[in-house]
Amino acid sequence: MNSYTTSQGETWDLIAYKLWGSEYLLPLLLEANPKHRHTLFFSGDVVLNVPDIDTAIYTPRPAWLAEDDDL
1 MNSYTTSQGE TWDLIAYKLW GSEYLLPLLL EANPKHRHTL FFSGDVVLNV
51 PDIDTAIYTP RPAWLAEDDD L
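Going by the working numbering, 54 is the number at position 54 of the sequence shown; the sequence numbering is gapless.
Don't read these hints as lab results, they were simulated from the structure.
Some clues are possibly wrong.
Below, a list of computed lysine to any residue pairs in the SDA-like style, where the Cα atoms sit at most 20 Å apart [claimed, not checked]:
no., residue 1, residue 2
1, K35, T6
2, K18, V47
3, K35, S3
4, K18, S7
5, K35, A56
6, K18, F41
7, K18, D54
8, K35, L48
9, K35, N49
10, K35, Y58
11, K35, E10
12, K35, T55
13, K35, D54
14, K18, I53
15, K35, T11
The following label-pair restraints were derived from C-beta to C-beta distances [said to hold, decoys possible]:
no., residue 1, residue 2, range
16, G9, A56, 27 to 33 Å
17, D13, I57, 27 to 33 Å
18, Y4, I57, 16 to 22 Å
19, M1, A56, 17 to 23 Å
20, I57, G9, 16 to 22 Å
21, A56, K35, 28 to 34 Å
22, S7, H38, 27 to 33 Å
23, Q8, D54, 27 to 33 Å
24, Q8, K35, 26 to 32 Å
25, T5, E31, 18 to 24 Å
Glycine included, every Cβ here is placed at the ideal spot set by N, Cα and C.
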């Protein structure tokens with residue numbers, strides 16, 4: 001597991017995007033950092049645990065956001 005040090009004003013989705021290129025992976029960060037789960041905006045210098053994940057197995061968008069071809 002790696003770590004990430006926050007900057008003032010960062011959010012979970014922004015951090016997930018910076019780390020893995022997808023804000024939709026933020027639940028993985030929340031799971032690895034339960035004591036910060038109620039944080040909306042981080043102060044600077046908070047050290048978060050970053051799980052090792054294989055981003056190749058995750059789609060860029062969750063299935064519930066997939067485009068609907070029937071519309």
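List of violated hint numbers, smallest to largest: Hints 5, 10, 12, 13, 17, 20, 22 and 24 not satisfied by this model.
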